[in-house]
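Produce the complete structure using the sequences and hints provided.
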Amino acid sequence: MARTDLEALAIVSAAPAIDGQQSVLYPAGVQASSIHNLLTLMLWVSTAVAAIVLCVLFLAVRRSLGTKAGGNPSSTTDDVLARAVGIAVGTTVVLLVGLLVASVWTGRTIAAVHAASAVTIEITGHQWWWEIHYEDAVASRRVHTANELHIPTNRPVVLKVTSRDVIHSFWVPNLQGKRDLIPGYTTALWIEADRPGRFRGQCAEFCGLQHAHMALEVTAESDPDFERWLDAMRESPREPSDSGARRGRDVFMQTRCAGCHTVTGTEAAGQVGPDLTHVATRSSLGAGTLANSREHLAAWIRDPQSVKPGNQMPPSALSADDLENLVSYLETLR
Amino acid sequence: MSVGSDPNLEQTWADPPGVIGWLKHVDHKSIGRRYLVTAFGFFLIGGILAALMRIQLSRPDNTFIGPDLYNEIFTTHGTTMMFLFAVPVMQGLGIYLVPLMVGARSIAFPRLVAFSYWMLLFGGIFLFVSFLLNAGPDVGWFSYPPLAEPLYTPSKRADVWAQLITFTEVASLAVAVALITTVLKLRAPGMTLNRLPIFVWAQVVTSFMVLFAMPAVMLASTELILDRLVGTHFFDVEHGGDALLWQHLFWFFGHPEVYIIFIPGTGIVSTIIATFSRRHIFGYLPVVLSLVSTAFMGFGLWVHHMFATGLPQLGESFFTAASIMIAIPTGTQIFCWIATIWSGRLSLKTPMLWILGFFTIFVVGGLTGVMLAAVPLNTQVHDTFFVVAHLHYVLIGGAVFPLFGAFYYWYPKITGRLLSERLGTWVFALLFTGFNLTFFPMHVLGLRGMPRRVYTYPASMGWDTLNLLASVGALLMACGVITFLVDAVHAMYAGPVATDNPWDAGTLEWATSSPPPNSNFPRPPTAAGREPLWDNPPDQPVVVGLREDARDVLVTHVLDAEPDHRLIFPEPSIWPFLTGIATTVLFVWSIFTPWGVVYGAGPVFLAMVGWFWPKRPDEGGTPLWPFARRTLPRPDEAPAAGGAI
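Top to bottom, those sequences are chains G and R.
Position 27 of the first sequence, counting from 1, maps to 27 under the numbering used here, and the rest follow consecutively.
In short: position in the second sequence from 1, add 1000, done, that's the numbering used here.
Be careful, since some hints might not be right.
What follows is a set of in silico ranges between Cβ atoms, one per label pair, in the way DEER data are often shown [unchecked claim]: (1) G:Gly259 <-> R:Gly1041: 31 to 37 Å; (2) G:Ala298 <-> R:Phe1212: 40 to 46 Å; (3) R:His1239 <-> G:Ser283: 53 to 59 Å; (4) R:Leu1226 <-> G:Val94: 31 to 37 Å.
Which chain R residues stay away from chain G? Per the calculated CB distances, all over 10 Å, these [as the list claims (entries may be wrong)]: (5) Thr1012; (6) Leu1023; (7) Ile1045; (8) Arg1054; (9) Ala1135; (10) Ser1317; (11) Thr1332; (12) Thr1368; (13) Asp1383; (14) Thr1483; (15) Ala1550; (16) Tyr1599; (17) Leu1606.
Don't read these hints as lab results, they were simulated from the structure.
Since this is a predicted model, take the numbers as computed values, not measurements.
Cβ coordinates follow ideal geometry from the N, Cα and C atoms, glycine included.
Below, the structure written as structure tokens:
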């Protein structure tokens, strides 16, 4: 078993580090790195302990099988055994206390990352998507988005997380351990990316039918890039210039779409579904269910239930033209 | 050692024949066998559900099973394995073996034990019928609100879960009470607590844990039922309820539950190691103290299931320390077992193979448990496949492998025939290889970001190879279980006939014939050591003077097992079965309307009146009045009888 432990380590070290690979083993943040160090320590200690215990067991079995019936059953007296067991238990206690100290130490290191100037982001879990608000003292500078998170590198970010329906769990393993989103509670989770990149996260608490399709994407970028992105998000989308898209906007406003979704700068102010103000800039649809493309967008609007059964969006009975125009409009929402 | 049975005595302790008679059985051996077979049947169903999950996850974006059915399947798998297999199978082993191991003629409260079996059986049937009617629970075996609240699960599925818990709670509490009483009051003279077999210690420690753990989940599931049935707001956040309250209550039960499953496993390990090393267990006292301290500490760890909820750091550190420290008693036991093997003369029969498998798997599971105790690491791997791997290493390694060892070890006692050593080696090899192939890759999957309870995953995640490997492993495990079933059925009719004590073991269940007679011991034994068959001198006395025309049982003192008094035990009865039916009606009815509790209580009351109907003194009953005449007879007096308990 000890060998298999090592082999597992080999498997994981051999794989290339790719941005976006959702993994504890490629930390890209201060917290995830600390945890990764603790993992490495514990993995090696555990492997050594398992190897020693199983070797001693093997020796015991070999010795015991060799002991002849009728002969002196054992030359090892119980006193010697008692001493051996005592030493083994003592060693166990020392090792465990060592690991406890390492664990508490890591916890302290992680908790030490905070700053008054941190970026504050509110994340609210929904069945099955993430609502994201960037706080700002000035109301007009607040940013609303969904299923995608942009953060600056090398700057602490505090996530204020809660849920509006059932319990979810926010987990971007490359950056930080998970935190449950519990209705009625708001807790603060600190993250700090130490290099730019795109990382995938996923809901980790079973939250119903589409728990498997509740992903989000985190983009860590330099401070200027991050500020540029925020500024872009604060803009309302431009009026569509092409006539199809304009007709599509009318479809959006006149059918049910606007009742559930918000597009800032228009009369659409629904709060049930994700904010669509900049939907065209996102890389995926349905919280990581589909890549964001024209065909997928059309398929999603036509029948969201066949793509992601159970989600709250009803199928729409739009004509082919209306659907085409609607998709054109959505594609202008940048 | 087997003594010719007295036909009169055998008749006295016989259960009635026929189908109706079958419903009246109170013999602990009969009930124990039913428990084992039924729980194993549930294990097979749970295993089939697991196989379906492995088929679904073997490929990315698989459409074999949809999300709705998948959620039902994993919930029913977890619920079945925890509540309908692991706990009952260990208790079933206790029901069968504990009275034999302590040299008693019966388990205490035999009718209560019979009733518990019906609750288990009806509970299981209720769950699987619901599943087939598309009403199987789908909110996880932990059933977290608000997901399990009526707003998010309007169907009856969460009610089925909550009410199944009620069934199994009643069953396991009843057995716990019976086992504790048996161990404390029905031991053979001479079997002081200091000489109690470690298997029996494990059973009694577990039973006490059941008594303290089950009320927490009973409270939680009752509150959930009330929220769902009559609109209370215990967990309803909108109306001032609290979602975390559930988690505290559930895990205050849920963590000890792990030890309720694992501690009997360690009892099996100690027993088999001592027998096949041909020596007394090394470190009896530390091993027993380890069991007891594990039981105590087991109640102080529940928060490590909630590290991701964002609790204060100081509190988390306490639970980290407690969770890490529970490795000390477990480590102590492992070292004592190795010392026993080291200084013994090992014989590598099939039961012992399973114990060596147990060591290998359990050590890994224990070490990943230490990792999970560390809060920072826990927040990364919690609710991922790493935990799936860990819990199966602990539960399959710590309980199922010893249990298979127990099947091979006690099968000859229960059936009078031996299982095949050759096939047994195959079963072991298949299950051991299959197990590691299935669950070892899951550690890596968890670290590579795969969360639990997902019905599918995108191909781009890079999880497909390891998942396929796990599914292949599951196939091997299935082959192993099927081979075992074939051997078990075949050996029952055609296996080599077993002697009374085929392993030259030292505990009292081997002092009687295989299978044991109705009275267990025609001459109830006494004990002069921890392994009476090894330690008793040739002239060790037996218990004499018990009546042969009545179910006369010797009751002994708690600490030193000195004879105290005699008691007439109850006859077979149909009432436990009828009470079971009435209780089932109440439980199932109450899912649909609160009035089910009110009206359903009537038949339960009537059935219990029948059950407890007092006997007149000339029928062997206790005179109700005056109190002075209600004292129990001393060992040298003629017995009066108790009521039908």
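Hint by hint, here is what the structure shows:
Between Gly259 of chain G and Gly1041 of chain R the Cβ separation comes to about 52 Å, which falls outside the hinted range of 31 to 37 Å. In this structure, Ala298 of chain G and Phe1212 of chain R break the distance hint of 40 to 46 Å, their C-beta atoms being roughly 59 Å apart. Distance hint check: the CB atoms of His1239 of chain R and Ser283 of chain G are about 39 Å apart, inconsistent with the given range 53 to 59 Å. For Leu1226 of chain R and Val94 of chain G, the hinted distance range of 31 to 37 Å is not satisfied, since their beta carbons lie about 49 Å from each other.
Thr1012 of chain R, annotated as away from the interface, keeps every beta carbon of chain G farther than 10 Å; the closest lies near 42 Å. No beta-carbon of chain G comes within 10 Å of the beta-carbon of Leu1023 of chain R; the shortest separation is about 40 Å. The non-interface label for Ile1045 of chain R is consistent with chain G: the shortest C-beta to C-beta separation is roughly 22 Å, beyond 10 Å. Every CB of chain G lies more than 10 Å from the CB of Arg1054 of chain R, the least distance being 16 Å, so the non-interface label holds.
The claim that Ala1135 of chain R is not at the interface with chain G holds, since no C-beta of that chain comes within 10 Å of its own (minimum 16 Å). Against chain G, the non-interface label of Ser1317 of chain R is violated: not every CB pair exceeds 10 Å, the least being about 6 Å. Thr1332 of chain R, annotated as away from the interface, has a beta carbon of chain G within 10 Å; the closest lies near 5 Å. With a least CB separation of 7 Å from chain G, Thr1368 of chain R falls inside the 10 Å interface cut-off, contrary to its annotation.
The claim that Asp1383 of chain R lies off the interface is violated: its Cβ sits roughly 4 Å from the closest Cβ of chain G, which falls inside the 10 Å cut-off. Even its closest Cβ contact with chain G, about 24 Å, leaves Thr1483 of chain R beyond 10 Å, as expected for a residue assigned away from the interface. Distance to chain G confirms Ala1550 of chain R as a non-interface residue, since its nearest Cβ pair spans about 46 Å, more than 10 Å. With a cut of 10 Å on Cβ distances, Tyr1599 of chain R stays outside the contact zone with chain G, its closest approach being about 34 Å.
Non-interface call for Leu1606 of chain R relative to chain G: holds, since the shortest CB-CB distance, roughly 42 Å, exceeds 10 Å.
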